[in-house]
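Read top to bottom, the protein sequences are chains A and B.
All residue numbers for the first sequence refer to this note's numbering, where the first residue is 2 and numbers rise by one.
All residue numbers for the second sequence refer to this note's numbering, where the first residue is 2 and numbers rise by one.
FYI, nobody ran anything at the bench for these hints, they're computed from the structure.
Please read these numbers as outputs of a predicted model, since none were measured by experiment.
Some clues are possibly wrong.
Since copy identity is lost for identical chains, a pair holds within one copy or between any two.
Claimed, not checked - Result set (BS3-like, lysine-lysine): computed pairs, CA atoms no more than 25 Å apart in a straight line: (1) K336 - K419; (2) K128 - K420; (3) K385 - K414; (4) K385 - K238; (5) K236 - K292; (6) K85 - K128; (7) K408 - K385; (8) K85 - K294; (9) K292 - K336; (10) K85 - K419; (11) K292 - K64; (12) K64 - K419.
Number of protein chains: 2
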Amino acid sequence: MSDLVGNMLVAQSGGPTAVINASVAGVIQEAGRHPELIEEIYGGLNGILGILNEEFIDIQEEKRAVIEGLKHTPAAALGTCRYKIDFKKKPERAAQEMERLFQVFQAHNIRYFFYVGGNDSQDTAHKIHEHAVQRGYDMRVIGVPKTIDNDLPHTDHCPGYGSVIKYNATTVMEIAADVVSMATDDGSCCVIEVMGRGAGWIAAGTVLAKRSPNDAPHIILLPEIPFQEEPFLRKVKEFVTTLNHCIVVVGEGLKRPSGEEIGADMSRLDAFGHPVLSGAAERVAEIVSGKLKTKTRTVKLGYAQRSAAHCASETDVEEATACGEAAVRAAVQGKSGFMVKIVRLHSNPYQWTTDVQPLQDIANVEHLIPRDWISEDGFVPNEKFVDYARPLIEGQLHLPMEGGLPKFVVLQKFPVEKKLPPRA
Amino acid sequence: MSDLVGNMLVAQSGGPTAVINASVAGVIQEAGRHPELIEEIYGGLNGILGILNEEFIDIQEEKRAVIEGLKHTPAAALGTCRYKIDFKKKPERAAQEMERLFQVFQAHNIRYFFYVGGNDSQDTAHKIHEHAVQRGYDMRVIGVPKTIDNDLPHTDHCPGYGSVIKYNATTVMEIAADVVSMATDDGSCCVIEVMGRGAGWIAAGTVLAKRSPNDAPHIILLPEIPFQEEPFLRKVKEFVTTLNHCIVVVGEGLKRPSGEEIGADMSRLDAFGHPVLSGAAERVAEIVSGKLKTKTRTVKLGYAQRSAAHCASETDVEEATACGEAAVRAAVQGKSGFMVKIVRLHSNPYQWTTDVQPLQDIANVEHLIPRDWISEDGFVPNEKFVDYARPLIEGQLHLPMEGGLPKFVVLQKFPVEKKLPPRA
Chain A
2 MSDLVGNMLV
12 AQSGGPTAVI
22 NASVAGVIQE
32 AGRHPELIEE
42 IYGGLNGILG
52 ILNEEFIDIQ
62 EEKRAVIEGL
72 KHTPAAALGT
82 CRYKIDFKKK
92 PERAAQEMER
102 LFQVFQAHNI
112 RYFFYVGGND
122 SQDTAHKIHE
132 HAVQRGYDMR
142 VIGVPKTIDN
152 DLPHTDHCPG
162 YGSVIKYNAT
172 TVMEIAADVV
182 SMATDDGSCC
192 VIEVMGRGAG
202 WIAAGTVLAK
212 RSPNDAPHII
222 LLPEIPFQEE
232 PFLRKVKEFV
242 TTLNHCIVVV
252 GEGLKRPSGE
262 EIGADMSRLD
272 AFGHPVLSGA
282 AERVAEIVSG
292 KLKTKTRTVK
302 LGYAQRSAAH
312 CASETDVEEA
322 TACGEAAVRA
332 AVQGKSGFMV
342 KIVRLHSNPY
352 QWTTDVQPLQ
362 DIANVEHLIP
372 RDWISEDGFV
382 PNEKFVDYAR
392 PLIEGQLHLP
402 MEGGLPKFVV
412 LQKFPVEKKL
422 PPRA
Chain B
2 MSDLVGNMLV
12 AQSGGPTAVI
22 NASVAGVIQE
32 AGRHPELIEE
42 IYGGLNGILG
52 ILNEEFIDIQ
62 EEKRAVIEGL
72 KHTPAAALGT
82 CRYKIDFKKK
92 PERAAQEMER
102 LFQVFQAHNI
112 RYFFYVGGND
122 SQDTAHKIHE
132 HAVQRGYDMR
142 VIGVPKTIDN
152 DLPHTDHCPG
162 YGSVIKYNAT
172 TVMEIAADVV
182 SMATDDGSCC
192 VIEVMGRGAG
202 WIAAGTVLAK
212 RSPNDAPHII
222 LLPEIPFQEE
232 PFLRKVKEFV
242 TTLNHCIVVV
252 GEGLKRPSGE
262 EIGADMSRLD
272 AFGHPVLSGA
282 AERVAEIVSG
292 KLKTKTRTVK
302 LGYAQRSAAH
312 CASETDVEEA
322 TACGEAAVRA
332 AVQGKSGFMV
342 KIVRLHSNPY
352 QWTTDVQPLQ
362 DIANVEHLIP
372 RDWISEDGFV
382 PNEKFVDYAR
392 PLIEGQLHLP
402 MEGGLPKFVV
412 LQKFPVEKKL
422 PPRA
């Protein structure tokens, strides 16, 4: 057991999910159970950027019902950022930023720090942990996993993933019902674009919509499998001929054999220097309509999929909450430099628990779909994947409604008084 | 009261909705209450096309639970078509087709015909009614309104509309939560494309997501209001400056002042000779990113919005069912050549009933949003629209689930024996 007494800080980072706030709720509620160690509970606004700017809010001033309501509120209630303390490219600036972070931690006596995020965020948490050790600043740093991409290693899956595939699979089922009922024309192909840059977990998850062999999706284009036009077009033609329609799901990061992303617009780059992807579905549809003269339609779910609380998985919400709670329990037990992970005990019936993994094993490792979880022709995940993914979408989140629309909570955000001069 | 005894046929036409099957269920269930007049209950597959091909199914062979389940099953369970008996462009062929239709009706002693569809479909129903009168073939023809576009005249609104705007408004709220929480960058603009070619009812409906003035959507681009780049860009800049983000909803049929559709790809035309629209959001996003150098994202909901039973409005389902029932009641009362319409008795609390309107008043009239329901600058519907639309999204459809995904029904489709030689 830790005897470290001080204040606690929780922050969110990276792209939001439908359940990232549930993890924050878990952290806050569990922290409240350890008043002997955790004195003040602060939220850091906008991830690491807000911490650098000393933008803290006092969580204990928030209503309990609002904290509970975070469990059904999508996106990042504390605000988030895509900001990397980049020791590789900008070592001097990174060192200054790390110095500033610890000034802020010290000024507010932050002794417990929880960072909820994906790959880059776990890397940041790891660096903060290492610097704390180097400086001899006594602080517990625990990462809480979050990413719809499901690409973190060591955890069975990531909170956020179950909800995005539940929503996407539901959407594929509904679109398929629509396309099937319209199939009096000479065949049609509907291309649905889902998120997922490097890993195809999100695209793969739509296979759950398939209850029988002829059900959609008929083809799933995964970023892991280089896109080959000819076998793809053959497959589309096969389905259009036999079923009069073909539903294709494409992960936004689908690549040509050359490695070039099929939907990449090289003229726009994001904060990490990756190309902004906007057009995988449009490109694939162009190929189909151009080569096969088949009527095409596209759907691009974009942000809708990662924020769809109205179709969130109850299992996912429970796990996200539990990961937040487990992070605090690990910290008060004296652990630091770990990420919480979900451990699957059993698939059917589904049983799981949480454990922790050293952050150094997590940072910047991208977990892809094993090749033997995908059919030989590469066009659809197989039973191994289905057994893995099926339990993650079970149960419906109970979403309070007002006037026929969801009632989300908003934090009141009572600011904590700043103690430092503004950042240079 | 009618004393016409014979068989009944129901068919669906045009683009499906989340609740078009509820209307079919209403027709079938009400027909079952009039066994003294309605002997056999048939479903026509794939709209008018299937009737021409004598493709009927015997509804009485279907399980009762399946008919009830149609009320939560999206898309057209009987199949649908976009096919027009075109007396203007192809008068000879149209006359042949009409002749064939009546051969089919006569062969199966069809005396009650219900056609569930939008504008073009009501036109078809009207022609069939007129031909029946001309031929002295005793038959009751009643149209049942259906269209997400909400552009049929005389009815207060159309079944299908409440569900599409409930889903779209929910999606806008969720995307907005996501974008707000990501707003640490230098401002961003998310453009969400929704359906609606001529009328902006669908785009306008997303205004319901707005609970306070700074809520999304910030700008709604309606096909009724010609798109002017400069005032639009000024408005986007205003929101990005004050809120650090701007959520724009665009109806797919948005037009330039020249009348040209902004997202039109003139190289692809649909069965009615209209250009296939695919790119309104992409075009608008290009304009924003090009002129303002603002980061943009796009979402294109496409077919997902019109088939989203998982987010359907219970009010809409009830009204769709009631319209089907009312059609049968009108027919057994001896009426023919009418469309069922929804009559609003009161907005708050919401009260409605059904009535009928002559089909000749409906066919090919497009009902647009009144100009005085839209703000002076044209960028957002006003309180008049909100009062109108708000009741239509109330209540959640109870959707049976299996393995975390919707459980839709599928008709078994027991074919009725054909009595005619195949169509020439």
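Structure versus earlier hints, numbers of those that do not hold, lowest first: 1, 3, 4, 9, 11
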